[in-house]
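Student: Listed here are the chains, written in short residue letters.
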Amino acid sequence: DAKTTQPNSMESNEEEPVHLPCNHSTISGTDYIHWYRQLPSQGPEYVIHGLTSNVNNRMASLAIAEDRKSSTLILHRATLRDAAVYYCILAGGAGSYQLTFGKGTKLSVIP
Amino acid sequence: SAVISQKPSRDICQRGTSLTIQCQVDSQVTMMFWYRQQPGQSLTLIATANQGSEATYESGFVIDKFPISRPNLTFSTLTVSNMSPEDSSIYLCSAVQSLGLTRAFFGQGTRLTVV
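Protein sequence lines correspond, in order, to chains A and B. Take 1 as the starting number for the first sequence in my numbering and just add one per residue. Take 1001 as the starting number for the second sequence in my numbering and just add one per residue.
Please note that the accuracy of each hint is not assured.
Listed next, the in silico SDA-like pairs over lysine to any residue satisfying Cα-Cα at most 25 Å (straight line) [claimed, not checked]:
#1 A:Lys69 <-> A:Ser9
#2 A:Lys103 <-> B:Gln1014
#3 A:Lys103 <-> A:Met59
#4 A:Lys3 <-> A:Lys69
#5 A:Lys3 <-> A:Ser61
#6 A:Lys103 <-> B:Ser1009
#7 A:Lys103 <-> B:Arg1103
#8 A:Lys69 <-> B:Gln1024
#9 A:Lys3 <-> B:Gln1041
#10 B:Lys1065 <-> B:Gln1014
Away from chain B, derived, C-beta distances all over 12 Å, residues of chain A [to be verified]:
#11 Met10
#12 Glu11
#13 Ser25
#14 Glu45
#15 Ile64
#16 Lys69
With the Cβ distance kept under 7 Å, some of the chain A side facing chain B (calculated, not the full set) [said to hold, decoys possible]:
#17 Gln42
#18 Ala83
#19 Tyr97
#20 Gln98
Since the hints were derived computationally from the structure, they do not count as laboratory data. Even for Gly, the Cβ is constructed at its ideal location relative to N, Cα and C.
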């Protein structure tokens, strides 16, 4: 499985934007970039995914570098509820649903 | 979306015993998976639960230790057999609704403590 590298932890002030980076220099042409997050004492939840173009949904935005070797998850206004571990995962798109979780980035939100 | 319910949510078990964890999805799903999350660690895939046939196990996990059943499209069980304290973990069920969707849903997990 292609590997991702994320910072172990990040801090953000409440109501400020947060940019969570992910490096995936060995990404293949068919790998989708997925983001999941795990709130304390809960199972992971889907955040967003993309292939080449930037993506937006109600939770976040995903900015993908032109060479696809890195991406950034953007939370536009962090809330206390966004404090979680965020996982950047490469998966092969439709038909490949086995997710390989790395260590993720633990995001702390400061009131 | 799919809502996944796991039972029990937590349990404390004696070493040498077995525990069966149930995973119920509120709609038919294409694929179901079981993960383990050891204390302070990330998630590790145990196996893919295949409907009507033997589960597909990842390296390091064997059927004798983690037997899995999936009798239909909405239900699966994971048994942790002959438990030892090293099996103390959170066990999570995951499901994918259809092959056209690239997102997975997760249960809240079963927190197992072996004493």
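Student: Which of the numbered hints above does this structure break?
Tutor: 2, 8, 14, 18
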